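Participant: Residue-level listing of the chains:
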Amino acid sequence: MRTGRWQPWLFVGPALIIIAFFLVYPTVMTIVRSFFGRGQELFGPNVQFVGLANWKYVFTSPTMLLALRNNAFWVVMFTFFTVTFGVLLAVLLDRVRYERIIKSIVFVPAAISYVGASIIWKFVYAYRAEGLPQIGLLNAIVVALGGKPVGWLIERPWINNICLIVVGIWIWTGFCMVIFSAAYKNIPRALLEAARIDGATEWQVFRKVTLPLLGPTIAVVATTMVVQVLKVFDIVFVMTNGAYGTEVIANRMYKEMFNFFNYGRASAIAVVLLFLIVPFMVSNLRRFTQQGVTR
Amino acid sequence: MAGEIELKGIRKTFGKVEAVKDLDLLVQEAEFLVLLGPSGCGKTTTLRCIAGLERVDRGKVFIGGRDVTELPPAKRGIAMVFQSYAVFPHMTVEKNIGFGLRMRHLPKEEIKKAVREVAELLQIDELLDRYPSQLSGGQRQRVAVARALVMRPEVLLMDEPLSNLDALLRLQMRAELKRLHREIGTTTVYVTHDQIEALSLGDRIAVMREGEIVQLDTPNEVYDKPANVFVGGFIGTPPMNFLKAKVLADDKDVFLAIGDFRLEVPDVWKAHLREMTDKTVILGIRAENIEVHPETNGGRLPANVIVAEPLGSQQLLTVQVGDDVLKVATKPDLSVQPGQAIGLALVKDKIRIFDVQTGAAITFP
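In order, the protein sequence lines correspond to chains A and B. Okay, so the first sequence: first residue is 20 according to the working numbering, each after it adds one. Okay, so the second sequence: first residue is 389 according to the working numbering, each after it adds one.
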């Protein structure tokens, strides 16, 4: 008997079937549904084919353009600062005696849910009109220093968006730091010492040796962060629900789906999000499979 | 003067561990000094104190007559080769070698020229465009040495540079390092736990143990006249043989008694040894300084063969003498069987005696 041909399929078959049922089928149906109109049902007498109307909405409506812009802003700011702070903390804390305690503290936010973190920060950002007692930490400080209270979550277009992004950075910096710390400790000390003996300043050691050697890790963490932030939802949903110009793609998708029952638009938005994320996932997967080769 | 190193009472502790204990050392200009000792003896720590990679707790470090105790590594005029090579994996060989010169902001042309010169010296000029991952261990080691030499240091420090190489390559690089030192003449401090490497490379060897230098001498002196039982047992393959012996004296003569056997001693010892009559000492003798005779009579130390190992150029016997086990090197063609009784003759001038309590060599002027 020639068992060779079908045997592999027998083993991967169940996995393929599960993937097809739970991943491929919903994806295809979502794409198909994005060409149909309102309604909660997948298909039915009330659901009409609308061609590219949903797609036109996604790429031309002011609401969606704002969401896309905000998402881009999130991607740039969030990724840049989580990675930068992560690297700096990992490298600098390595020289601190109480490294482990400090690292644990920095890592704690990673264990807090988005909703919990958002509520904590809502208190920090709380705003009352001038003259009233300020219960928000930030405004209390501002007022104590003689300033006017700021509507942190209201001031558009940048202050409120930045304030939201800060929450995300606060949650994820610890995670980045832990990964970078592990990678940094993997760099042989002799390499850094050799550079110092050869006359490199501490900054040059960091620039010319540490950073290039952390390169592959930075790439993996950065792409992971991009994927995380493209899907940003909870923070915005809890803190502003997209008001005052803070809308993001995933929050818009939620609204179209569950507030306005517009399955078609929600599907189109979901597909956009999917296609934005896929390239980063692919590059990450590539890197994971290559990792053994690069060292 | 330029490359002279002087350590004055340096001490380095890690927590409760005293890695280096009030160590004094003077390395002459252009000398090749080997720091030799078992792992944990403080030899690497001593080297790192010279390099400035460790701060000394106490004492002073002078390089070229200059007090460098408080200076960072880069300002000490040193270069270092690490056990792990420490070549930068993300730079080509050329960039690796030129790294230090770039940090000094030398003109590009000058760097290129210096790199090429030193690469030729180490025969890696064909590899300048390669990355370390494309090199063999031996080639990486050459890059590491080149990177150190290109800086034209007053002092070259090497931390077990050959221990990651395979045996054959190690032999080759050892000769290479010796040639380089002869050509360049840079003061070199070389750390190793391999006594063969130490004997073959060093102008002088500093044997270290528990943070202290127990003997500082030329390789031949260290080998022939170990300062104590530890040095004798650490250096040489096989290590020095040790047996218990008792000083006996009668009206006419002084000798050492091993069991019932009476061993003659060099004439110059006799007057001094007489004062130690009835004391027990440790007698040390190297395997090659024992002669084997098939017959046991005629004033020879009786012994029993336990194992005979042919090693090509010689034959190594393990023999039993009383309660002690000795290693004896003989000609490869001597025919002996395990269990055979033989007679040993100890070369009189090569005997060394040590104090039973302290293990220190007992020497007579």
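Treat the hints with caution; some may be incorrect.
[Claimed, not checked] Below are the DSS-like pairs computed for lysine-lysine, each with C-alpha atoms no more than 25 Å apart in a straight line:
| no. | chain 1 | residue 1 | chain 2 | residue 2 |
| --- | --- | --- | --- | --- |
| 1 | B | K613 | A | K227 |
| 2 | A | K227 | A | K204 |
| 3 | A | K227 | B | K463 |
| 4 | B | K448 | B | K496 |
| 5 | B | K566 | B | K634 |
| 6 | A | K227 | B | K483 |
| 7 | A | K227 | B | K500 |
| 8 | B | K483 | B | K448 |
Just so you know, the hints here were simulated from the structure itself, not pulled from any lab data. Quick caveat: nothing in here was measured; it's all calculated off a predicted structure.
Participant: Checking one constraint from the list: CA of K613 of chain B to CA of K227 of chain A, max 25 Å. Satisfied?
Facilitator: 50 Å, violated
Participant: Are the Cα atoms of K227 of chain A and K500 of chain B separated by 25 Å or less?
Facilitator: 19 Å, holds
Participant: Does K463 of chain B sit within 25 Å of K227 of chain A, going by the straight-line distance between their CA atoms?
Facilitator: 20 Å, holds
Participant: For the pair supplied as a hint, K566 of chain B and K634 of chain B, confirm whether the alpha-carbon distance does not exceed 25 Å.
Facilitator: 44 Å, violated
Participant: With the threshold set at 25 Å, check whether the alpha-carbon distance from K227 of chain A to K483 of chain B stays at or below it.
Facilitator: 11 Å, holds
Participant: Check the hint pairing K483 of chain B with K448 of chain B against an upper bound of 25 Å on the C-alpha distance.
Facilitator: 35 Å, violated
Participant: Please work out if K227 of chain A and K204 of chain A have their alpha carbons no farther apart than 25 Å.
Facilitator: 17 Å, holds
Participant: Compare the distance between the alpha carbons of K448 of chain B and K496 of chain B with 25 Å, and conclude whether the hinted pair is satisfied.
Facilitator: The hint is violated at about 37 Å.
Against the hints set out earlier in the document, violations occur for numbers 1, 4, 5, 8.
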